[in-house]
Amino acid sequence: MTAREEVLDGVRKALGRSAGQAPAAAPEARIVIPEIDVERRFTMFSERLELVGGKTYRAADLDAARAITVEIMGGETGVASNAPLLAQAGITGLPGVATGFMDEAALRAACAVTPFGITTADYALAETGSLVTRSATEARLISLLPPVHIALLPISRLLTGLDELYTRIPLPSEETASMVFITGPSRSADIEMILVRGVHGPRVIHVIVVNNI
Amino acid sequence: MLIKIEQEQSIRKTVADPKIQKAVYSATARLKEKRSEVVSPEALPEYQELREQAHRIKRHAMENLDYYLEQFEKNLTAHGGKLIYARDGNEVADFILNLAKERGVNMLVKSKSMTTEEIHLNERLEHHKLETVETDLGEYIIQLAGDRPYHIVAPAVHMTRQDVGEVLTRTLHVERSDVPEEQAKIARVTLREKFLAAGIGISGANFLVADSGAVTIVENEGNARLCTTAPKIHIAVAGMEKIIPRAQDLAVFLKLLGRSGTGQLLTVYTSFLSGPRRAGEVDGPEEFYVVLMDNGRTKLLADAEKRESLFCIRCGACLNACPVYRKIGGHNYPGAYSGPIGAIITPQYAGVAKDPWLPFASSLCGACAEVCPVKIDIPKILLSLRREVAEDNAGEAGSPMERTAFRMFAWVMRRPKLYALGARIAGKFAGLPGLTSFGPAAKWGSTREVPRPAAKSFRDQWRDRRKGAR
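Chains as they are written, first to last, in the working numbering: chain A, 1 to 213; chain B, 1 to 470.
Since the hints were derived computationally from the structure, they do not count as laboratory data. Fair warning: there could be bad hints in the mix.
To list a few chain A residues with every Cβ distance to chain B over 10 angstroms, as calculated [unchecked claim]:
| no. | residue |
| --- | --- |
| 1 | Leu15 |
| 2 | Pro23 |
| 3 | Glu35 |
| 4 | Ile36 |
| 5 | Phe42 |
| 6 | Lys55 |
| 7 | Thr56 |
| 8 | Tyr57 |
| 9 | Pro84 |
| 10 | Gln88 |
| 11 | Gly90 |
| 12 | Ile155 |
| 13 | Ser156 |
| 14 | Asp163 |
| 15 | Ser173 |
Derived lysine-lysine pairs resembling BS3-like cross-links, with alpha carbons at most 25 angstroms apart [unchecked claim]:
| no. | chain 1 | residue 1 | chain 2 | residue 2 |
| --- | --- | --- | --- | --- |
| 16 | A | Lys13 | B | Lys74 |
| 17 | B | Lys34 | B | Lys19 |
| 18 | B | Lys32 | B | Lys327 |
| 19 | B | Lys34 | B | Lys22 |
| 20 | B | Lys327 | B | Lys22 |
| 21 | A | Lys13 | B | Lys22 |
| 22 | A | Lys55 | B | Lys34 |
| 23 | B | Lys299 | B | Lys32 |
| 24 | B | Lys327 | B | Lys354 |
| 25 | A | Lys55 | B | Lys185 |
| 26 | B | Lys82 | B | Lys232 |
| 27 | B | Lys32 | B | Lys354 |
The C-beta atom is built at its ideal place from N, Cα and C for all residues, glycine as well.
All chains, please: the whole structure from these sequences, using the hints.
As structure tokens, then:
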């Protein structure tokens, strides 16, 4: 008997079930979406993110978002993802910004040396101060290898929390191999419970929330 | 004798070690406090409701586990991943070793996984000359020190920064630093090279989501993201009890896990991964495997009462709350899992005969059950395991005299009139030294505080008061 058959058989025997038997009715999923207006969502998001060491900006439009990005980068280089919004904002065209990577090895090499990784977020969660990024639109390494992460978030994508996200995307894997929630910069408290930032991922995270989109 | 001499000596040594006592006490106090803040009624009014729901979902998932395993497999396969069933740790290691050999991989990186600790995966792989590098900061230090994790979520909690400085200098030949930030930087630089060179990344799984065929991993450092992104092959090793039915159920579990473990609303990173990189995606692994491990879990499943031991989401809250864990520390628990949850799952995986003292290493104060986010009734399961030990060792555990004494006690307790008489007689001797100071009962009494009988028993007082009232 293969391991698969033996394990499944063992489980069925232990539970008194038979092969192909339908499951009992599952408890209904618990989804409760609070009503929070957009300004309150923004305040919550920036407060939460600040508590975990991130920084939030508010941009009137994409031009303003680009200006904030330029200021944060202070003339240094960066790697921008292929998300269309970054091109629309003119960020991919900034001097020192490399973009358009379709080859993993090249992306990896660029991300390993640049100080800034620039992405968008598919969604954000006000209740926890989290960004939601999906590999279908964002390469994973850009928000991971560079020491500073800059993310653009259209304000229409700022949700209340997990419950709303899982209502919008009940089956995340249908569209993407990876979905990651990012809640502040990388951290560890493994040595004497002392907080250290930027252990393996970025030590700084800037989120630029863009109005009217 | 339930406990071996060496075991008892080791516990005494830990209790007498001021450095370890301080480190563990203060770290667990901090975690406890942070948890209480974020689950308080003001911070999270729906906390109790979330616990109830988490318990219900886990119960349902375990009671229909075969169905959800097959559903998970179907969906994972549809997304290009592969599910490997493993009966035990040997089969997990064999799969990884064979794959590494086929693909010509000689080094792999690992993110934190208690399941792989349970089966001593690193030793098995290293034995076959497959370099295995832990990448969580705490786990990395533990690995360099040749030690084992002390706590489910804080593996190096027993080490001071001086200990860490010493280990890093000795093993990596770097300049000595006792500053945690510098130490983390040393690890970052050393491990960054490993991430980018490794052929395989191994992770654990916090949840296996059946309706999505997805593995969910929570972490704070980014090492799990790197392990599951940079190498060409990702292998997630998971106990089969990690199954939950739906992605939507994560809205409940994620709210509980971070809060209970470290007092975070969410950990820094929560990854939801299903299958290898897809067409159009620039990075991510090319091969994606989930190794689903039994290793004794089916045995547990068969016991309807103790089945709920499998609901555990490994937050570590019960360790921080446990007065026994906080004194005797993590290393005195046999097996990978320490604290109250370890005291119930280790004996069930390995059989109660192996460490029969373990279910007794608890004061049954109930603090563990109170903080458990999935409402596992740990004290009840401890009692049930104690019963098993007693049945197993009927001939050796406890002296015949102790058993006779308790049988007599039970006999008296069932006869109210006799009990009342006994209480009245005992009251006459209230001023004298207790019975447990002498003779055969002295040893039993040496670790127990037997209450003094009252000069006038409660029953007598009650009767007199009622008479007076009339």
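Item to check | No chain B beta carbon within 10 angstroms of Ile36 (chain A)'s | outcome: holds (15 angstroms)
Checklist entry - Does Lys34 (chain B) pair with Lys22 (chain B) here, judged by a C-alpha cut-off of 25 angstroms? => result holds (18 angstroms)
Next on the checklist: For Lys55 (chain A) and Lys185 (chain B), compute the direct alpha-carbon distance and say whether it is at most 25 angstroms.
Outcome noted: Given that 25 angstroms is the threshold and the Cα spacing comes to 23 angstroms, the pair holds.
Checklist entry - Hey, does Tyr57 (chain A) actually stay past 10 angstroms from chain B on C-beta? => result holds (20 angstroms)
Checklist entry - Just checking, Gly90 (chain A) versus chain B, shortest CB gap more than 10 angstroms? => result Non-interface label stands for Gly90 (chain A): nearest chain B Cβ at 22 angstroms, farther than 10 angstroms.
Checklist entry - Going straight from one Cα to the other, do Lys82 (chain B) and Lys232 (chain B) come out at no more than 25 angstroms? => result holds (15 angstroms)
Next on the checklist: If we take the beta carbon of Leu15 (chain A), is the closest beta carbon in chain B still more than 10 angstroms away?
Outcome noted: violated (6 angstroms)
Checklist entry - Within a Cα-Cα threshold of 25 angstroms, do Lys32 (chain B) and Lys327 (chain B) meet the stated pairing? => result Answer holds: Lys32 (chain B) to Lys327 (chain B) is near 15 angstroms, not above 25 angstroms.
Next on the checklist: A cut-off of 10 angstroms on Cβ-Cβ distance, and Gln88 (chain A) was said to be off the interface with chain B. Does that hold?
Outcome noted: With a cut-off of 10 angstroms, Gln88 (chain A) remains clear of chain B, as the shortest Cβ separation is near 19 angstroms.
Checklist entry - Minimum Cβ separation between Lys55 (chain A) and chain B greater than 10 angstroms? => result Per Cβ check, Lys55 (chain A) is outside 10 angstroms of chain B; nearest 15 angstroms; holds.
Next on the checklist: Does Lys74 (chain B) sit within 25 angstroms of Lys13 (chain A), going by the straight-line distance between their CA atoms?
Outcome noted: Between Lys13 (chain A) and Lys74 (chain B) the Cα gap is close to 21 angstroms, so the pair holds against 25 angstroms.
Checklist entry - Pro84 (chain A) clear of chain B by more than 10 angstroms, beta carbon to beta carbon? => result Check passes; 13 angstroms lies beyond 10 angstroms.
Consistency with the previously given hints fails for numbers 1, 2, 14, 15, 21, 23 and 27, ordered from lowest to highest.
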